[in-house]
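**Q** As you go down the protein sequences, you meet chains A and B in turn.
The first sequence begins at 0 in numbering that gives the first Met the number 0 and counts up by one.
The second sequence begins at 0 in numbering that gives the first Met the number 0 and counts up by one.
These are computed hints drawn from the structure, not numbers from a lab.
Given the structure is predicted, the values throughout are model-derived calculations rather than measurements.
Everything hinted at is true.
Under 7 Å between C-beta atoms, here's a sample of chain A residues computed to sit facing chain B:
id	residue
1	A106
2	M117
3	A120
4	L206
5	M228
6	G235
7	A243
8	V246
9	L247
Where chain B lies over chain A, by a calculated footprint (3+ residues, C-beta under 8 Å):
id	segment
10	121–129
11	195–204
For each residue, glycine too, the CB sits at the ideal point set by N, CA and C.
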Amino acid sequence: MPAGLRAGGLLVVAVAAVAVVSLIWMPHDPDFANFEQRLAPPAAGHLLGTDHFGRDLAARIMAGARNALWVGMVAVGIGLSIGAALGIVAGYAGGRLDRALMTLLEALYAFPAVLLAMLLATAWRPGATSSMVAVGLATVPIFARLARAGVLSAKAQPYAEAARALGASGGRVLFRHIVPNILGPIIIQASLAMAAAVLIEAALSYLGLGTQPPTASWGRMLREAQSFMFLSPYPGLWPGLGIAITVLGFNLLGDGLRDWTDPRRRSLRWGP
Amino acid sequence: MGGFVAQRLLGAALTILLATVLVFSALLLVSGDPAQTILGLEANPDALQALRHSLGLDLPPAQRYVEWLGRVVRGNLGMSIRYGKPVAELIAARLSLTIPLVFMSMALAASIGTLLGSVAARHGGMPLDLAVSGFALTGLVLPSFWVGLMMILFFSVRLHALPSGGFPGWESLGRALLHLLLPVLTLGLARAALMTRIVRGSLLDVLHEDYVRTARAKGLAERHVVYRHALRNAAIPVVTVLGLEFAQLLTAAIVVESVFALPGLGTLVLTGIEARDYPLVQGIVLVLAGMIVFINVLTDVLYGFLDPRITYA
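Excised from the complex, chain A in its bound form (with noise of 0.2 Å):
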């Protein structure tokens, strides 16, 4: 296995294991205000040290990769479902259907997830939802060509063609002999779909347009660390780093999932 790919499944299931142990164990109540240890250095009690507000920073972290990880599986739960099944359609049925949707769907390419997150967050109220809703429809045109380009070169193959000829239904060769040949390359895209979707989250967070207070979540902490960040820098520091070390390990993890399954990548090259 290669060593990228080893170290972003292992960066993964860091973060995936802290967001799980959140659940059912926290240093500190992450939304605990205590205004006598306002911005306090990382120290025993507070192993990270705390906010503005004295909240412990361990606790929030803890709290806003549960966050980050939901809100990503979500919008790339809503990108691969609906991508994918249009992709899908689109190959297989060919002719002016085909011609339809990739239209439609190169118009929704023009918006990337934060014209989207704008446009929802003010006809609904900005919120996890929307940005998750943005983030999700941003990537089904992604997913969506990936499954028609798979289901395409799937269908001309000897295999399907076999299994047409031996009088398989077309929801038979579809479901048993295409779909689960072009899945390796979406559940790799799946991979740097959610990095992205960790980052624009933030991002979105950060603008006060993805989740609200007082759900901890790391944009928005950076967003309120930015005002005391001349007293103190420890609030600004591990909400960045943490999602760095999420984005990395779903970018490494996909990269590398794609040159181990792809034998003309295996090389010394990690990037396309």
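Keeping the supplied structure of chain A fixed, place chain B upon it in accordance with the hints.
**A** What follows is chain B alone, placed relative to chain A:
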């Protein structure tokens, strides 16, 4: 070539049309009465009726869309509720900051990316390559707004060398550029990371081609081979990525403007969202999406010019 350009323009027009549908439909997602949401529960009924009328809410959605589209096509994006001024005017004023910010950052990203990417590719697998690749990966995983905060902390708070934010206007070019230095660095370095990866990967692919072997075989210096022969051919995927990068850069600029308190489109749209100023937000999103579509078409056309082998059927 002419036919291809026409075809791409037609496609872009269709995309923009669909984009207007999407931007318009966002207003339909508002639960309850948008006029009530904007003016609050205690608003006077006459004011509510007037706002409903000016937003066109007293018409059926399809008719409202057609009328709205008719105005948009003529460059009328409506009136901002928060500012009481035409949306188009507000956007034009802010673009004079956002556009230079985006293009300066793009130029910085492209130059750093080309330089580091080609250095890394020339030393493929060696320590220098690893160092450059490490930088590229770091730039890719760090959120740009966090990098911006750290730059403020270091250059403004610690060293007192550069302004931490704000923008004095273009009257004094020197002061304006000084205020844009940290934002451009923040945006440019983050995007340079991806450019470095693309240039490196694309050059590594090209360096195995026959014409590169030929150039080496006739005894050309390695520097010459890389910069004269390989880099030009490696530029094709780079241009494509540069086009796609524009969308990323534009949205990253919105975030970075907020970090450095720059009065650009990003801060304008955030004010609009907070005030639930639908015409303003719709106008800005539409303009940004239009810019993204335009740059994508431009990239496609450039692609054809750069590589004469590409023929469009």
